[in-house]
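**Q** Given chain A's structure and the hints, the job is docking chain B onto it.
There are 2 protein chains.
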Amino acid sequence: MFFAFRTTLLASLLFAGAMPEYTESGAVRFPADYREWVFLSSGLGMTYGPTAQASSSPLFDSVFVNPAAWAEFKKSGKWPDGTMFILEVRRSVSEGSINRGGHFQGEIAGIEASVKDTKRFPGNGWAYFSFGGKGTVTEASPLSTKSSCYGCHSANGAVDNTFVQFYPTAMPIARAKGTFRP
Amino acid sequence: MFFAFRTTLLASLLFAGAMPEYTESGAVRFPADYREWVFLSSGLGMTYGPTAQASSSPLFDSVFVNPAAWAEFKKSGKWPDGTMFILEVRRSVSEGSINRGGHFQGEIAGIEASVKDTKRFPGNGWAYFSFGGKGTVTEASPLSTKSSCYGCHSANGAVDNTFVQFYPTAMPIARAKGTFRP
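Protein sequences, first through last, are from chains A and B. The letter at position 82 of the first sequence is residue 71 when you use the numbering used here, and the numbering goes up by one with no holes. The letter at position 153 of the second sequence is residue 142 when you use the numbering used here, and the numbering goes up by one with no holes.
With the rest of the complex left out, here is chain A (with noise of 0.2 angstroms):
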């Protein structure tokens, strides 16, 4: 009883103290339990260029970020360092099961990161990662500077390099906080 009590504390603390992991090359490993991580929202065929057209089966994304970064984001309207996204890519399904129109989501398309590092990472500190779409790469690199992450989420993002307009219950928070960039 005694030891059930304490694994169960201490399964909390790591759970809620999940930080970003990296390789002694500077990788960063894939975290496992993302799916357990906070829920921030998910979007169907977000495109974003002006040439972008409707597609007839649209992607999902949905976003999870790490607890520890949301609760100092609860607190201040900011990210620390430490701070990790992940972005999660879907296929959308359509009349599966009892379901008739509209789209739910199926198998992964891909898995890309952010991680908020102003020690490890050059320019404001935020790095990206793409993990592939098939569940099979454990460790990922920074992308290079010069992929476009980097400039889109630095000119776009409303709280620092992050799409917080784009995130229901963040957005009031970055606004209540005065961190909120319109």
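Some clues are possibly wrong.
Since the list can't tell identical chains apart, any single copy or any two copies may satisfy a pair.
[Unchecked claim] Only pairs whose alpha carbons sit at most 16 angstroms apart, straight line, appear in this in silico EDC-like list of lysine to aspartate or glutamate: (1) Lys63 to Glu25; (2) Lys63 to Asp22; (3) Lys108 to Asp70.
The hints are simulated quantities; they were obtained by calculation from the structure and are not laboratory data. As the structure is a prediction and not an experimental result, all values here were calculated from the model.
**A** Below, chain B without anything else, positioned relative to chain A:
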């Protein structure tokens, strides 16, 4: 330092153990922290009737489950007494900020819940609740057992009364544990 540490432990324990709470009259209290529960999936414009038609402003539905129930589901593929699901319905928004297509999640249109408690509720132990769409409802009594929720979930849920067929991370667990009903 010591007290801060103890407070963190306590908060972690309370969080991991979130269970449905009831008023003296048997209404279930609105779980204000449900967005920090485990996310199961989002759908857009999900319709089920034979005559349902696509809408130009479809609704997003997102489903969350309390972490204690999820921990048990991962072990057994079954939902224990004390399981609580939240169905959050949000309006969809297009062409906001830098987005030029697709849909992202906007204001809440409604929040519904289901709770399993075989000692408290008749039949197979599931009851359904509506918290409305304005964020002002703090408790809700079970909907009438004549409500369509009961029959549809009971007839079509892939695991017990739940639509695990639409939850991409729950489905493989149920299949592996032999609790999935095709």
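**Q** Can you list which hints this structure breaks, lowest number first?
**A** Violated hints: none at all, because every hint is consistent with the structure.
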